[in-house]
Amino acid sequence: MTDDRRPSDLEDLDAKLRAARGRHGGKPDRAGLASDKSGLSIAFRIGVELVAALAIGVAIGWLLDRWLGSSPWLLILFFVFGAAAGIMNVFRVAKGYGGAVGYRKSGSDAAGKDGKD
Amino acid sequence: MAAGHSPLEQFEIHRLIPIEVGGVDISFNNSALFMVATLTIGSAFLVLGMRRRAVVPGRVQSLAEMTYEFIAGLIRDTIGGEGRRYFPFIFTLFVFILLGNMLGLLPYGFTFTSHIIVTFALALVVFVGVTILGLARHGLHFFSFFVPPGVPIAMWPLLIPIEIISYLSRPISLSVRLFANMLAGHTLLKVIGGFVAALGIFGIAPLALLVALTGLELVIAFLQAYVFAILTCLYINDAIHLH
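From first to last, the protein sequence lines stand for chains A and B. Quick note: the working numbering has the first sequence finishing at residue 117, numbered continuously throughout. Quick note: the working numbering has the second sequence finishing at residue 360, numbered continuously throughout.
In short, the hints are calculated from the structure, not lab data. Incorrect hints may appear among the rest.
Once the Cα atoms are required to be at most 20 angstroms apart in a straight line, the calculated SDA-like pairs of lysine to any residue come out as [unchecked claim]:
#, chain 1, residue 1, chain 2, residue 2
1, A, Lys16, B, Asp194
2, A, Lys16, B, Ala297
3, B, Lys307, B, Ala171
4, B, Lys307, B, Ala297
5, A, Lys16, B, Gly190
6, A, Lys95, B, Gly198
7, B, Lys307, B, Gly320
8, A, Lys16, B, Ala189
So, partial list: chain A residues that the calculated Cβ filter (under 8 angstroms) puts toward chain B [to be verified]:
#, residue
9, Ala43
10, Arg45
11, Val48
12, Ala52
13, Ala53
14, Ala55
15, Ile56
16, Gly57
17, Ile60
18, Asp65
19, Gly69
20, Ser70
21, Ser71
22, Leu75
23, Phe79
24, Ala84
Far from chain A, by Cβ distances over 12 angstroms, these chain B residues were calculated [claimed, not checked]:
#, residue
25, Pro265
26, Tyr284
27, Leu326
28, Leu340
This one's a predicted model, so the numbers in the text were calculated from it and none came from an experiment. Each residue gets a CB set at the ideal place from its N, CA and C atoms; glycine is no exception.
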């Protein structure tokens, strides 16, 4: 009985070690990552993303207008761009992509990475 | 006691050691003092905690190891094995923000993360660093980042500005999130605290609320440091693994 136990214990440990080492190199799916799922923080985050993109859009439009003297057309154009970018940010947060620009699902992400690097 | 004490008073900057170099005011203020305190406590916690290097860790060593493991796991999950190179940066960022948030909860404490300029500077360091990292890794190919995959060329003039604005909004959303959470939380604590003093014996009700809110603030202090760290990881990941 004891003779049977000891090798299996060691093998068990070996498997655990290998699993742990695998974890260090591997890259699990990002889906379960947004662990701060409390409603308030998500709501707050979405609000900030929306407003931040809009503010950047308006700032770019305003500065370009001042530079090119084309007031108010670029401001209006970039206001719309900013609003669209804000909606896109919100969409990405809601989909759990982490609000990243050009983020894709991990499947295609891994495929693209292999092709590139 | 409540009268004459604004809930916003805690955010005021006081000059402690006035320094002026070339007309630029670089005085050592209470914000800087708490940053130094944060660095000292953070370093002392890790250095003293790991001094013994016991196989069976004591309390402080256990905490230090847990913090290390937490951030290491975070980087592993978001960036993968390659991300270990960025561990010192993300770990420092996390500990700095976490301790900054926590120290602000102490009585007479000052929360430097409740100032937009501090959080914005932190976010800007991340943003500029990640952009340089992306450019260094991929050269001009980095700009393909702004073209969403699988989009017809006719749509590019519309989508590229949107993507660029979305990219530029990152440091803003990153900094505003941390700053607003800290500002709102600490103001709320002070306001409720004012009720306790004003209501006399009935102040026990807001006092109970205050205890609960302080617990909530501790969670938020941790959560915001975590969110900052995780978003930094995601940005680094995006810069390394361009689509």
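- Hints the structure violates: just list their numbers, smallest first. 2, 3, 6, 9, 18, 19, 20, 21, 22, 23, 25, 26, 28
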